[in-house]
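Residue strings, one per chain:
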Amino acid sequence: WPYCRKRCSYCNFNTYVVPAVDEAAVRACLVREAQTLLRLSQVHSVTSVFFGGGTPSLASPSTVAAVLEAVTGAAHLPAGAEVTLEANPSSTSASTLAGFRAAGVNRLSIGVQSLDDAELRMLGREHTAAEARKAVEAARGLFPSRTSIDLLFGLPGQSRDAWAQRLEATLGLCDDHISLYQLTLERGTALAAQVRGGALPAPPQDLLADMYQTARNVLVATGFRHYEVSNFARKGALSTHNLSYWRGAHGRFMLRGEGGCSREARVQTLEPVTWMREVQSQGHGTRSRVVLSLLEQLEELLTLGLRTDEGITHERWGHFSPQLSLQAVFGEPGEAQALQQEGWLVLDGGGLRCTWAGLAVLDSLLPDLLWQLQR
Amino acid sequence: ISAKQGTNVEKVLQKVIEKIPPPQCNTADPLKALVFDSTFDHYRGVIANIALFGGEVAKGQKIVSAHTKKRYEVNEVGILTPNEQPTHKLYAGQVGYLIAGMKEVTEAQIGDTLFLYKQPVEPLPGFKSAKPMVFAGMYPIDQTEYNNLKSALERLTLNDSSVTVHRDSSLALGAGWRLGFLGLLHMEVFNQRLEQEYNMSVILTAPTVPYKAVLSSAKLIKEYGKDQITIINPAQFPDKLSVSEYLEPTVLGTIVTPHEYIGKIITLCQDRRAVQKDMLYIDENRVMLKYLFPLNEIVVDFYDALKSLSSGYASFDYEDAGYQSADLVKMDILLNGNPVEELATIIHNDKAYVAGKHLCERLKETIPRQLFEIAIQAAIGKKIIARETLKPYRKNVVAKCYGGDITRRMKLLRRQAEGKRLMRKIGNVEVPRDAFIRVLKRETDK
Chain A
881 WPYCRKRCSY
891 CNFNTYVVPA
901 VDEAAVRACL
911 VREAQTLLRL
921 SQVHSVTSVF
931 FGGGTPSLAS
941 PSTVAAVLEA
951 VTGAAHLPAG
961 AEVTLEANPS
971 STSASTLAGF
981 RAAGVNRLSI
991 GVQSLDDAEL
1001 RMLGREHTAA
1011 EARKAVEAAR
1021 GLFPSRTSID
1031 LLFGLPGQSR
1041 DAWAQRLEAT
1051 LGLCDDHISL
1061 YQLTLERGTA
1071 LAAQVRGGAL
1081 PAPPQDLLAD
1091 MYQTARNVLV
1101 ATGFRHYEVS
1111 NFARKGALST
1121 HNLSYWRGAH
1131 GRFMLRGEGG
1141 CSREARVQTL
1151 EPVTWMREVQ
1161 SQGHGTRSRV
1171 VLSLLEQLEE
1181 LLTLGLRTDE
1191 GITHERWGHF
1201 SPQLSLQAVF
1211 GEPGEAQALQ
1221 QEGWLVLDGG
1231 GLRCTWAGLA
1241 VLDSLLPDLL
1251 WQLQR
Chain B
81 ISAKQGTNVE
91 KVLQKVIEKI
101 PPPQCNTADP
111 LKALVFDSTF
121 DHYRGVIANI
131 ALFGGEVAKG
141 QKIVSAHTKK
151 RYEVNEVGIL
161 TPNEQPTHKL
171 YAGQVGYLIA
181 GMKEVTEAQI
191 GDTLFLYKQP
201 VEPLPGFKSA
211 KPMVFAGMYP
221 IDQTEYNNLK
231 SALERLTLND
241 SSVTVHRDSS
251 LALGAGWRLG
261 FLGLLHMEVF
271 NQRLEQEYNM
281 SVILTAPTVP
291 YKAVLSSAKL
301 IKEYGKDQIT
311 IINPAQFPDK
321 LSVSEYLEPT
331 VLGTIVTPHE
341 YIGKIITLCQ
351 DRRAVQKDML
361 YIDENRVMLK
371 YLFPLNEIVV
381 DFYDALKSLS
391 SGYASFDYED
401 AGYQSADLVK
411 MDILLNGNPV
421 EELATIIHND
431 KAYVAGKHLC
441 ERLKETIPRQ
451 LFEIAIQAAI
461 GKKIIARETL
471 KPYRKNVVAK
481 CYGGDITRRM
491 KLLRRQAEGK
501 RLMRKIGNVE
511 VPRDAFIRVL
521 KRETDK
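Protein chains in written order, with this note's numbering: chain A, 881 to 1255; chain B, 81 to 526.
Just so you know, the hints here were simulated from the structure itself, not pulled from any lab data. Note that the Cβ used here is the ideal one computed from N, Cα and C, for glycine as well. Treat the hints with care, since some could be wrong.
What the hints assert, rightly or not - Covered stretches of chain B, as calculated for chain A (at least 3 residues, CB under 8 Å):
| id | segment |
| --- | --- |
| 1 | 473-481 |
| 2 | 485-493 |
What the hints assert, rightly or not - Between beta-carbon pairs, the in silico distance windows are:
| id | chain 1 | residue 1 | chain 2 | residue 2 | range |
| --- | --- | --- | --- | --- | --- |
| 3 | B | G499 | A | Q1207 | 46 to 52 Å |
| 4 | B | D121 | A | Q1254 | 53 to 59 Å |
| 5 | A | A1079 | B | E90 | 56 to 62 Å |
| 6 | A | Q1207 | B | R495 | 35 to 41 Å |
| 7 | A | T927 | B | P512 | 42 to 48 Å |
| 8 | A | G1229 | B | P512 | 35 to 41 Å |
| 9 | A | A1079 | B | N239 | 50 to 56 Å |
| 10 | A | G1068 | B | T347 | 58 to 64 Å |
| 11 | B | E453 | A | R1169 | 41 to 47 Å |
| 12 | A | A900 | B | E453 | 54 to 60 Å |
| 13 | B | E445 | A | S1124 | 29 to 35 Å |
In isolation and in its complexed conformation, chain A is listed as follows (with noise of 0.2 Å):
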């Protein structure tokens, strides 16, 4: 759902702030573009959705359970299947949630940020943190378990001690998920100007590289499980959309007619006008479409997947590249190994991934190991 009420200080989302949205012919085009991509994939079943956006939250529930019905009828759409929406506190009464939840959402996802009104305000977020707790409140009554709460740290002017109360008041608050983003001061946003004109301060990288750290470890002692780089989940409540992408069997378009491994990288139209033109006269608005060779797979698989706990399993990479096994391309010695022993990696019976330290810096281990992969 492309749309929201007004763009928050840090986001270069694809996200547009109109008057007036159209939403009867926006849920015309999404109902159509679903059933054709999963009519051209020929998908037997669908196993997760994920309304993002924008703030889908903005949407009517009746929208959300259009789309719905739409994959159902184009595909097996299982009953426990996750199904999950992105919402902002400021735009969740308890009744709309419920709406939702009627439609056939079963998983929320409440854009948080911040449990301080300075801090949101310097977001140019909507809402305030008594509002965002009584979201989180509603939320968790609706979807226990089932509720993940986005926060950010690392902000302008944020100090240790700041940040250290925040993820106390979250652990207050929360359900079993959170997925935790270092603000990045990207270009062209309105923070990042004021960071760059020096009417805010730039947070020093030591101090987020310890703000990053304490999280990891205030949250794991509590019981949380730290999954992937920027998400923690306790009592098995991990997003299965998301893993589908950090594990590679999802998130790439698959050709019809090919067999199991062939994928497609597909990008749609960015803007919303223009889309739903593509949308209503050749059934999706899929701006382009590149065909993923074998080494452009295997290189998704092991940037995506080494960024979860569990890394690469030997199975998964086999499933992609029976021929050349893991330990073929990254047991032998070279970069892999170097990297094992400085202790940033794990090659072992469970497959390949990073260690506890080597998580923090996986950026750094990329590269090498891609140029390794390359080889």
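Using the hints, position chain B against chain A.
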């Protein structure tokens, strides 16, 4: 008077005509022409700008160059208005151009005298060639471009004979040249012309000067065949123990300046390790200072610093003054203890600390952070004289990586993986190929 706005320019020209005496010469005398400039035209050959001090010259006549002793037949003469306008003849007292079938610009030496075949004359006192004031090392970005750069330089200097060219080489950058320019602006214009007209991008560095060492070790004397050697390359720098004396080239510089700038200029010279040899007042306002400078202190930016200090009023000239004894050392750069050959420099002991610190700072900015700490040090022998520390990454992982981000991320990572291929490893430190180049480059914002 303003040349920019054109005010009173006519009046100036009139005054010049009135006040400056006409040339003293006679058309009845044998031909005596001074070459004061020359350019190369692709189709017509060398065009020599001449001033006639005696006699006359016309198309078809045979002339000789006093310098090269070569004989030519005149194809065309004319005057410059300022465009070329061919005439039948040029007479004593006139200034114009001459084309005589010369193929190379070197055949029309500036300062040369031309006379008629069979009528040799006393050659005119020539010009002192303009002394280069600013020097730079010029290297192609990649050694494969060497030949292209060589021919580009040859062609550019055809039309700009005030640029001096010497071959040079550096460990880090390969084979290149040491060029001399009349000033920083001259250098910048030259560089720009290279880029625009010949599509050549080059690396400009601070130039090297030829140091000497008087050997005391019998072994080395035998090896080199003599007891005094010239050190071009820091790798050749002989150890203090084997040397009785190090020598550096010097120049005797003459500065003429209005007296209000004396203080600042003296400070500048002292800063450059110069020794005052003379100071006298030329008239009530201007002073002439003579200083003995080590050559390496003036090759980069002395001239421009002098001009800046004196609002352009000070003048500078210099001449070779032989070698003097100097406390030279070889400064090494170490990365985590491992020396980087390409960055070693020969420098005077007094200046080593400042230069070392500066180099370390620049390196800190150009070497990418890695997973461990990197100690960047400048050392003389075993003694460390400067250090900068590059801290390791403690967190380096992108926060979000879902759906649409993936393609972009992969592109970036693939590029980084490519980059790894081009990295050099010094010990365990990975250094991009261009890091040294960036550190050795001249700083443009001095």
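Mind checking the hinted window 35 to 41 Å against the Cβ distance between G1229 of chain A and P512 of chain B? For P512 of chain B against G1229 of chain A, whose Cβ atoms are near 37 Å apart, the range 35 to 41 Å holds.
Under a C-beta cut-off of less than 8 Å, do 3 or more residues of the segment 473-481 of chain B approach chain A closely enough to confirm the stated coverage? holds (count 9)
If you check the beta carbons of T927 of chain A and P512 of chain B, does the distance land in 42 to 48 Å? holds, 43 Å
If I claimed the Cβ atoms of Q1207 of chain A and R495 of chain B lie 35 to 41 Å apart, would that claim hold in this structure? violated, 28 Å
For the hint 41 to 47 Å, verify it against the beta carbon of E453 of chain B and that of R1169 of chain A. For R1169 of chain A against E453 of chain B, whose Cβ atoms are near 46 Å apart, the range 41 to 47 Å holds.
Check the following: the C-beta atoms of D121 of chain B and Q1254 of chain A are separated by a distance inside 53 to 59 Å. Hint holds: Cβ distance 54 Å, inside 53 to 59 Å.
Is it true that the C-beta distance of A1079 of chain A to N239 of chain B lies inside 50 to 56 Å, as the hint says? Once the Cβ atoms are compared, 53 Å apart, the range 50 to 56 Å for N239 of chain B and A1079 of chain A holds.
Using the C-beta atoms of E445 of chain B and S1124 of chain A, is the stated range 29 to 35 Å upheld? violated, 42 Å
Report holds or violated for chain A covering the segment 485-493 of chain B, Cβ cut-off 8 Å, minimum 3 residues. Check passed, 5 qualifying residues.
G499 of chain B versus Q1207 of chain A beta-carbon gap, inside 46 to 52 Å or not: Violated - the Cβ-Cβ distance for G499 of chain B and Q1207 of chain A, about 27 Å, lies outside 46 to 52 Å.
Range hint 56 to 62 Å: satisfied by the CB atoms of A1079 of chain A and E90 of chain B? Roughly 57 Å apart at Cβ, these two residues keep to the hinted range, so it holds.
For the pair A900 of chain A and E453 of chain B, does the Cβ-Cβ distance stay inside 54 to 60 Å? Taking Cβ atoms as reference, A900 of chain A and E453 of chain B lie about 57 Å apart, which means the hint holds.
Hints 3, 6, 10, 13 from the earlier list are contradicted by this structure; the remaining hints agree with it.
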